[in-house]
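Dock chain B against the given chain A, drawing on the hints supplied.
Line order of the protein sequences matches chains A and B. Under the numbering used here, the first residue of the first sequence is numbered -19, with each subsequent residue one higher. Under the numbering used here, the first residue of the second sequence is numbered 2, with each subsequent residue one higher.
Rather than coming from a laboratory, the hints here were simulated on the basis of the structure. Treat the hints with care, since some could be wrong.
[Said to hold, decoys possible] Mimicking DMTMM-like on lysine to aspartate or glutamate, the simulated pairs with C-alpha atoms at most 25 Å apart in a straight line are:
no., chain 1, residue 1, chain 2, residue 2
1, A, K354, B, E268
2, B, K173, A, D91
3, B, K173, A, E98
4, B, K188, B, E268
5, A, K(-18), B, D7
6, A, K354, B, D7
7, B, K224, A, D91
8, B, K173, A, E95
9, A, K(-18), B, D11
Since this is a predicted model, take the numbers as computed values, not measurements.
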Amino acid sequence: MKNVYLDNNATTAVAPEVLEAMLPFFTDYWGNPSSMHRFGGQVTPYVDDAREKVAALLGADPSEIVFTSCGTESNNMAIRGAAEAMDPQTRIVTSRVEHPAVLGPCRHLGDRGHETVELGVDAAGHLDMAELRKAVAHGHVLASIMWANNETGVLFPVEEIAALVKQAGGVFHTDAVQVAGKLPIDLRRLPADMLSISGHKLHAPKGIGALFIRRGTKVNTFLLGGHQENGRRGGTENVPYIVGLGRACELAAAHLEDEAHVARLRDRLEKGLLASCPDVRINGDPALRLPNTTNLSFQYIEGEAILYHLSDFGVAASSGSACTSGSLEPSHVIRAMGVPFTAAHGSIRFSLSRYSTDADVDCVLQHMPGIVNKLRALSPFVH
Amino acid sequence: MWNYTDKVLDHFRNPRNVGEVPNPDGVGEVGSMACGDALRLTFKLGPDKRIADVKFKTFGCASAIASSSALTEIVKGMTLEEAEKVTNQDIAKFLGGLPEQKMHCSVLGREALEAAIGNCRTGSTAKRILEGKVICTCFGVTEEDIVRAVRENNLTTVEQVTNYTKAGGGCKGCVPDIEAILARIRKEREAARPAAAARRLTIVEKLKLIEETLDREVRPMLKRDGGDIALIDVQGDRVLVSLRGMCAGCNVAQFTLKDVVEAKLREFVLPTLVVEEEKP
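Only chain A is shown next, with the shape it has when bound in the complex (with noise of 0.2 Å):
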């Protein structure tokens, strides 16, 4: 059976160029960089080029690039990093539908002592702005407000949270992950202090992220015992996982046009759905979204049912009903949002990659109408 793999917000394939640029780095320059020898004094170089090519997506300088093991590890570092090396009176300033990498780190400091706020979205999913400029205003602030969302696609106004942050005189720092490689980012006019990437949702391998900390922004380190990162993060790198992130950084800056692609494909997929599947809505804003994905609401039937079926068709999506949420309530976005519970509950997510095909859409668009006839027949909310 054919693989349709259409949660690329969960994580993505290795591209095949990453996993070349990768392999000597196991068996041939296995180096410590930090080595006073040839052997591993030879590796720094590309090390250094991957931070190059980091940078260069994000349109920063590479002295600001931080390598980390994934894109939790750069939250964590930025938000509870920055909080411990501002006031203690810091206020901690969030919104209600970022991912748990942020919100964990983000209750925690609730729990040490820190007012905390988190922003609530409206129906669409848009962040509450008056509610924004209110929190912010007091100036002493940590504010981490995501980018792109994981699971609606909805993007927030960065530059003018960022903007809105800094003229207040806090700290601003953005989940990026779900947007770097699908949307240009740059750091020369985005007022952002700190941005998290992670490799693994743009076609680098699982294990490998980074942290942009911009020069003069005080991070406290993370992790105590090594120079390494420039004294920012201790821990011998992980060189060929950075090589790899590097390559990916450059592919995806290379490939930035292809997004048009995949939203067309996105977009049909989207349209077909709603043509043949009766009673179903989109979350979030659909004219303000990541080009890769979209989430659904399948009313009158629950998501985990409907993701086994798909499963048995090869198609891989994700759900935000309780049962796949690893909890007994529905998604805290989909919840945030709003959406009612005749809908929460049978929300699908498909999030499409460069890779993604139109024989992948068809697949779906040719499957998922029996999917929603067989269960919606179970339906006691159906007559």
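Relative to chain A, chain B alone:
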């Protein structure tokens, strides 16, 4: 993905007895859209007063659909008296087991069956009415529901109660109430024990009871502080243990040993036990 058995997946992919029985003798409706699963069960009795036809409609995940399908297969041909003895464990067993976090799907099936039998007997409203004190307002779970799940499935922790009934799975405001119910039932179980324990414990029973008590009452507490305890030997009433991890060499270890370990073992195993630490 969940670790579903082949039988669960089979009943999910090919559900048996889907739909509604026309002019049913019993109708049971439980759950709601808000809760994430809902089940409508209808049946008709034959001239022999046995369930001749039974059908279901379910909104829910793969295991909710499979549990409903299994329920209909189990009760077909039963008398009402036989059917009312069906427990959620019977449904889970029929399917070769369910993941712990999905046990509430089997409870939903049992509740629907109960509601349908009640409707058949008394003609009472098809909807299951919440009787008694509601403990979990997020999912509408009553004290009676929780007590029943705890008794029938031998539950001991809040997490298990959540897995079986959903209570405590939302805002978590009712967790102290659930803990209180668990404590009450634990006491009742212990009160019931002396009658059974009047007979002398065999050495195997004694060892098992000690180990169970350490596991349930002592280890979770020690582990919170990075410690652990090992049972080394039992000689008559002498229980030889060894403290591990952070507990080893801790200067309040003697207190832990006498006031916690010994007290718990005396409470739950035998009032004559003496705990000693094995010295290396």
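(message) Please verify whether B:K173 and A:E95 have alpha carbons no more than 25 Å apart.
(response) Given pair B:K173, A:E95 holds - Cα atoms ~22 Å apart, limit 25 Å.
(request) Would you mind confirming whether the straight-line C-alpha gap from A:K(-18) to B:D7 stays at or under 25 Å? (result) Given that 25 Å is the threshold and the Cα spacing comes to 22 Å, the pair holds.
(request) Take a quick look at whether A:K354 and B:E268 sit within 25 Å of each other, Cα to Cα. (result) Measuring from Cα to Cα gives roughly 55 Å; hence the hint is violated.
(message) Just to be careful, I want the Cα atoms of A:K354 and B:D7 compared with a cutoff of 25 Å; is the pair within it?
(response) At roughly 20 Å apart (the allowed maximum being 25 Å), B:D7 and A:K354 satisfy the hint.
(request) Below or equal to 25 Å on CA atoms is what counts here, so check B:K188 against B:E268. (result) The hint holds at about 11 Å.
(request) Please work out if A:K(-18) and B:D11 have their alpha carbons no farther apart than 25 Å. (result) Answer holds: A:K(-18) to B:D11 is near 22 Å, not above 25 Å.
(message) Run the distance test for B:K173 versus A:D91: straight-line Cα separation, threshold 25 Å.
(response) holds, 17 Å
(request) Take the C-alpha atoms of B:K224 and A:D91, compute the straight-line distance between them, and say whether it is at most 25 Å. (result) holds, 22 Å
(message) Hinted pair, alpha-carbon criterion (25 Å max): B:K173, A:E98. Please report holds or violated.
(response) Between B:K173 and A:E98 the Cα gap is close to 19 Å, so the pair holds against 25 Å.
Checked against the numbered hints listed earlier, the structure breaks hint 1 alone; every other hint is satisfied.
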